[in-house]
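*Asks:* Here is what each chain is made of, one letter per residue.
2 protein chains.
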Amino acid sequence: MPLQYNEFYNEQTGLTIGLKKLLFSEQSEYQLVEVYETDTWGNLMTIDDMVMLSERDEFVYHEMLAHTAMFTHPNPKRVLIIGGGDGGTAREVLKHASVQHVDMVEIDKTVVDASKLHFPGVGDFDNPKLNVLYEDGIAFVKSVQTPYDVIIIDGSDPVGPAEGLFEKDFYQFCIDALSDDGVLTAQTESPWVESYYPSMKKVFYALDDLFPISKMYISYIPLYPAGMWSMACASKQEDPLGDDVQKRISSSSDWLAGLKYYNTEVHKAAFALPNFVKEIISR
Amino acid sequence: MPLQYNEFYNEQTGLTIGLKKLLFSEQSEYQLVEVYETDTWGNLMTIDDMVMLSERDEFVYHEMLAHTAMFTHPNPKRVLIIGGGDGGTAREVLKHASVQHVDMVEIDKTVVDASKLHFPGVGDFDNPKLNVLYEDGIAFVKSVQTPYDVIIIDGSDPVGPAEGLFEKDFYQFCIDALSDDGVLTAQTESPWVESYYPSMKKVFYALDDLFPISKMYISYIPLYPAGMWSMACASKQEDPLGDDVQKRISSSSDWLAGLKYYNTEVHKAAFALPNFVKEIISR
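For the protein sequence lines, the chains are U and P, in the order given.
So for the first sequence, our numbering puts the first residue at 1; every next one is plus one.
So for the second sequence, our numbering puts the first residue at 1; every next one is plus one.
The hints are simulated quantities; they were obtained by calculation from the structure and are not laboratory data.
You may find that some hints are simply not true.
Which copy is meant is left open, so a pair is good if it fits within one copy or across any two.
Said to hold, decoys possible - Below, in silico cross-link-like pairs of lysine-lysine (BS3-like), each with a Cα-Cα straight-line distance of 25 Å or less: (1) Lys278 - Lys268; (2) Lys109 - Lys129; (3) Lys278 - Lys260; (4) Lys278 - Lys95; (5) Lys236 - Lys278; (6) Lys129 - Lys116; (7) Lys142 - Lys116; (8) Lys278 - Lys247; (9) Lys20 - Lys247; (10) Lys247 - Lys268; (11) Lys260 - Lys201; (12) Lys21 - Lys77.
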């Protein structure tokens, strides 16, 4: 039997990934960060035995989390990423010509180190517009002086250091750290595991209470539990489903053609929720 | 270590499902049909070690395969299902008031027997409008005399008895067996395993050559490889994305509210394909 990695999300049900070898393993101050070479997914990063990304499927998560926020804002110049240590979200954000400055606040330097070493195609760490800080994201957001146009919450699962990123208090700090037309996106776990931990409901209720516009959207991520992943989009002014957003996406068709997942239709379609998903967030 | 079921779709990568016990196992004339009680997915049917359905997630596949075809046709009265032995597709078809007669042609009676015994909530086998035939689907379609309004290809994977359901010849027989405004849907595997067997491309090219309108669509099925599943919709007259289709779906909102996945927005959104999926079927 070859070496295998298992992430079970329902008792003994979940994903099994064939491994070739362990490339990196470090118990940081916060968590166990590991990188494996896999059979068919390129390199794979896990944190505390939960899948973070593979080279083969990371494009889905990063494109959907970044571009949904970036195109919803009319002219995003200053962007804050909480978490996102692998660098993939920043890479997508930096494709937008309007961007002048990106702060990426990752609590764990080990994640960035592992990514630089073993995911060379994922990050864009040499980009002069990118400023990486190794700090606690929640404390950072509390102390923001100059507001951001876009905040992206790219944390890991709601156990361990990322737990606070699913709490309403945190989103209150975010709204204060956003400009008057600010937009926020956040990863909110899978609707299929919602009964184990109510991530979607918690984050959606918080955003729905705090922001004028808040909507959930979904995308297909093969190596995340059940393959169906939810994200939240909250906005002070612009509706992510507005005509202006569609126009902005269409007018970027030159570089958007180079993406592997996100496009004009996918942006809109991602917000169409199946009935059982709607029910999870109904109030 | 508890009993587990593995379906690997990329070397050693795939799904692992926790099992409680084996409920049914029969090597039929065509294939090995088994039913397990699982940890959290209810009962699970496998054919030749490939997942067919679980009680917990079957609604996605059956709603998306059936209603996409049924609402695209303006007034579906006669429906043919090829395969579909578990009965779930017929159950969804029979929810449409216009339906007068459904022929379900399943090659393997063992699948129907297993479903009646262990998936009591899936089939609607006592419905007087449903006629079940145990015959080869391809031979049946070749010999159709009275045309059907809708044909649904609900076969298993393209190995074993269902292999012919992915061939162009078969779809030529289907077009001949459809009425002048006929509509067809078919399951076409996951875009993430397309490099192992080109199901999507084969079926889409065939339909694109034969039908005036042919489109691919996708849905989230947790227990199928990668969680992203593709289906094809081909039509002689009506566009599945036309305004009339949206009107028909909206006017059925009474019973549609009882579905768990399909709704007006999901119908349309399912046809929005990510860039890498578009590329698979580009000619």
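*Asks:* Does each hint fit the structure? Answer for all of them.
*Replies:* So, going through the hints one by one against the coordinates:
{"no.": "1", "hint": "Lys278 - Lys268", "verdict": "both (16 Å within a copy, 16 Å between copies)"}
{"no.": "2", "hint": "Lys109 - Lys129", "verdict": "within (19 Å within a copy, 64 Å between copies)"}
{"no.": "3", "hint": "Lys278 - Lys260", "verdict": "between (27 Å within a copy, 10 Å between copies)"}
{"no.": "4", "hint": "Lys278 - Lys95", "verdict": "between (32 Å within a copy, 22 Å between copies)"}
{"no.": "5", "hint": "Lys236 - Lys278", "verdict": "within (22 Å within a copy, 34 Å between copies)"}
{"no.": "6", "hint": "Lys129 - Lys116", "verdict": "within (17 Å within a copy, 62 Å between copies)"}
{"no.": "7", "hint": "Lys142 - Lys116", "verdict": "neither (29 Å within a copy, 58 Å between copies)"}
{"no.": "8", "hint": "Lys278 - Lys247", "verdict": "between (27 Å within a copy, 21 Å between copies)"}
{"no.": "9", "hint": "Lys20 - Lys247", "verdict": "neither (45 Å within a copy, 52 Å between copies)"}
{"no.": "10", "hint": "Lys247 - Lys268", "verdict": "both (12 Å within a copy, 20 Å between copies)"}
{"no.": "11", "hint": "Lys260 - Lys201", "verdict": "between (29 Å within a copy, 18 Å between copies)"}
{"no.": "12", "hint": "Lys21 - Lys77", "verdict": "neither (41 Å within a copy, 57 Å between copies)"}
When the structure is compared with the earlier hints, violations turn up for hints 7, 9 and 12 and for no others.
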